[in-house]
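Engineer: Sequence:
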Amino acid sequence: MAIGTKQLAPSELDTFEDQRLVEELRKAKEELFNLRFQSATGQLDSHGRIRAVKRDIARLYTVIRERELGIRATPAPVEATKAKKSKAKKADSADDAAKEEAE
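Quick note, the working numbering runs 15 ahead of the 1-based positions in the sequence shown.
No lab work stands behind these hints, which were simulated from the structure alone. Hints are not guaranteed to be accurate.
Simulated DEER-style distance windows between Cβ atoms [what the hints assert, rightly or not]:
| id | residue 1 | residue 2 | range |
| --- | --- | --- | --- |
| 1 | R41 | T89 | 16 to 22 Å |
| 2 | K44 | E81 | 18 to 24 Å |
| 3 | T89 | A55 | 35 to 41 Å |
| 4 | P90 | A55 | 21 to 27 Å |
| 5 | Q58 | L84 | 17 to 23 Å |
| 6 | G63 | D33 | 26 to 32 Å |
| 7 | R70 | E38 | 39 to 45 Å |
| 8 | Q58 | A91 | 43 to 49 Å |
| 9 | S61 | D33 | 27 to 33 Å |
| 10 | T56 | I86 | 39 to 45 Å |
| 11 | D33 | R66 | 32 to 38 Å |
| 12 | A55 | G85 | 37 to 43 Å |
Model, not experiment: these values are computed from the prediction. Note that CB positions come from ideal geometry on N, CA and C, so glycine has one too.
Please work from the sequences and hints to get the whole structure.
Structural biologist: What follows is the structure, given as structure tokens:
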């Protein structure tokens, strides 16, 4: 996902886990630092990019805070539960196969 683009929509942020939100926030802050440095040295091509990154940072902070307050729901770990179920099924079939061999 590119920071400072329209891809960072609040509906998309709802699907991110807390850890990923923090990582995206770190990336956005780092990009803002680099953009400010480029602006100070006169190398910045698009000053609108600074504004877009600032808005993305604000969006990320908003989603994180709303989750802390319980306003916005934390996404359920869907992939993890599927992986556990498939592992459990494989383990059950392995146990059944071992029991059949023992008989």
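Engineer: If a hint holds in the structure, say so; if it doesn't, say that too.
Structural biologist: Status of each hint after checking the structure:
no. : hint                  : in the structure
1   : R41 - T89: 16 to 22 Å : 19 Å, holds
2   : K44 - E81: 18 to 24 Å : 19 Å, holds
3   : T89 - A55: 35 to 41 Å : 39 Å, holds
4   : P90 - A55: 21 to 27 Å : 39 Å, violated
5   : Q58 - L84: 17 to 23 Å : 40 Å, violated
6   : G63 - D33: 26 to 32 Å : 30 Å, holds
7   : R70 - E38: 39 to 45 Å : 18 Å, violated
8   : Q58 - A91: 43 to 49 Å : 44 Å, holds
9   : S61 - D33: 27 to 33 Å : 31 Å, holds
10  : T56 - I86: 39 to 45 Å : 41 Å, holds
11  : D33 - R66: 32 to 38 Å : 26 Å, violated
12  : A55 - G85: 37 to 43 Å : 41 Å, holds
Consistency with the previously given hints fails for numbers 4, 5, 7, 11, ordered from lowest to highest.
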